[in-house]
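A.B. asks: Given these sequences and hints, build the entire structure.
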Amino acid sequence: TSSASSLDTSAQFQENNGQMQSTRWDEQQRVFALEQVCGVFRVDLGQMRSLRLFFSDEACTCGQLVVASRESQYKIFHFHHGGLDKLSEVFQQWKYCTETHLKEQQLSDEKTCMQFSIRRPKLPSSETHPEENTYKRLDVAAWLHHLNESGQVEEEYKLQKAIFFGGIDISIRGEVWPFLLHYYSYESTSEEREALRLQKRKEYFEIQEKRLSMTADEQKEFWRKVQFTVDKDVVRTDRSNQFFRGEDNPNVETMRRGVLVFNPTIGYSQGMSDLVAPLLAEVLDESDTFWCFVGLMQNTIFVSSPRDEDMEKQLMYLRELLRLMHPRFYQHLSSLGEDGLQMLFCHRWILLCFKREFPDAEALRMWEACWAHYQTDYFHLFICVAIVVIYGDDVIEQQLATDQMLLHFGNLAMHMNGELVLRKARSLLYQFHLLPRIPCSLHDLCKLCGTGMWDSGFIPAVECSGHHPESESCPYGGLAEVSSPKPGSEGKRSLKTRDVFAFRK
Amino acid sequence: AMTADGAGAAPRGSSEASLDPDHLYNVLFIGDSHVGKTSFLFRLHTDTFNPDLTATVGVDYQVKNFIVDNKRFALCLWDSAGQERYHSITKQFFRKADGVVLMYDITSEYSFSDVRYWLSCIQEGAEDGVPILLLGNKTDCAAVRQVPTMEGERLAKEHQLMFYECSAASGHNVSESMVNLIRLLKVREDELKNKAEVVPQPPQKKKGCC
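From first to last, the protein sequence lines are chains A and B. The C-terminal residue of the first sequence carries number 505 in full-length UniProt numbering, and the numbering is unbroken. The C-terminal residue of the second sequence carries number 210 in full-length UniProt numbering, and the numbering is unbroken.
These are calculated hints, taken from the structure and not from any lab test. Idealized CB from N, CA, C, for every residue including glycine. It is possible that part of the hints are untrue.
To be verified - So, partial list: chain B residues that the calculated Cβ filter (under 7 Å) puts toward chain A: (1) S33; (2) T54; (3) A55; (4) V57; (5) G58.
C.D. replies: Listed below in structure tokens is the structure:
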């Protein structure tokens, strides 16, 4: 293992040069090849169960290191020429190792053995959503159960809730996603959907024809503005996915056609291909995929929006959520000033909905949980908060500056536990739901999706948390903070109100 | 010797990395999409070429250590997306930059004509006199070259830029250009220091990134 660096201790779980995610696969291949040739191998200590050191000399420099995996497989290293003492120091400093003190050792002065167990981040049960584990993955049988005889979704809310907690089985993703992405409406019958597909397919191919029948000048313009970038991006999207692998893969061409005609006014934003690729791989049909993508862009908020203001709004909500749910982290950001509050480290999370932060299997589960629009249209922001809660302690402890935060979270990409993050995010949403008061800045956070978050009849008080330059009073009817000590301090955030929102941590 | 390596091999040049740098600079990489910014940085970091790097979204950041003229330098390298949509972010980068690498692709006239646009961004956002390295990438693709070396040289001369042609794919001029940029950054730092000493004004505080 590498020596404990002070810069980024959590990066100890990963390869040090993990900045460039896309290289990992290549690198793995290279390592596998090496293993074949000369018996070199690697072990991710973060995935092991325990590390034990057995000393064979008094100075504790020689002996054996025994690495035990969770499946009780062992690797044994013999140290004949010293160095074991250095290693034990490293393990003692490594925060993911807990030294287990052995009973018999307390009796004798002589140290003959040390044992470390690996700590893995986990959530105490008090921090999980009470309905966690009550839903199984939505499989064919469960899916058919949600449909009536004519193929309409009976209770949309129930379906969304099931997906939010359990996710969708891979075998029926292609069938269910079009509903989540507003291509099919929940009320539509199977027959209506077939008719819609036919009509939409016709429409799609008309759009394609239109592109092909541009004048030479238009074509040149289009090539310069859109096609040039699309052509280069598409071939480097999701290459490790079996569906797109290999030279001249027809699926890559299909993806390219879809992205090209997406929207002549918006044009193409880099990152779109990252969002289309998984859709195509599940939905398969070219026209259906295209319309799902259109739905994704129109009806979800984490789109690759070309406008500054959309991103600003997302960041504002996220800042406010952090202020409520993780005040220590928020304080750290504030202490860094404007640069810190811009939260550069999470822009890609929001833009690509965690696609580059988690392996596909986990990222797509997050997508489904967001698309379910269960109680909020902004579940992705709760996921952001969850990541920060689980993986952000080092940032606060070491008072990392803006750029170091970027490095810290950048290094964590593809090394975080997606399942854990998702559970935490669900629990954060639940805790948010229980708040007696919410700041008016978050008033709209739960407004857009149907009945919204407070469908049980309970509606929290809205508290004015900031100034509204365009109007005299709070447009959300928020009252000045109840617990504010001084009457004249409207618009200022007092520390006292923060306590009201304090979360169990 | 121990061969099991849980946390991965030490990064290249780790012996340098363990040293405290004497100087530390923020360097911003800009230029059109696909000119090869990320590939250049990848070459710099691993000395290999990876043809499958995905388009940068948001911003990537890494630190690379160099020893130049017996001094230790740490470069904080900011890799921006060619198609940056959030201008408020870009502003922050420009403000922080001690140096800028402006890259175009010698096989793309468009990327070269956009150099003027990028220069205006630098002028607008960065400090006056910030050292700029103009890089014409992809010399390995000489057969499809669209921008003659002369053109790049002329533009560099006109705007007083340091100029190199390079190839992230072959490695040509990759470290050479960076080493010379470092020398330029050092000269500039010394100039600023001298100026600050002459005029008794609050010293130009350099915000470290490491």
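A.B. asks: Which of the listed hints are not met by the structure?
C.D. replies: Going through the list in order, the structure violates no hint and respects every one.
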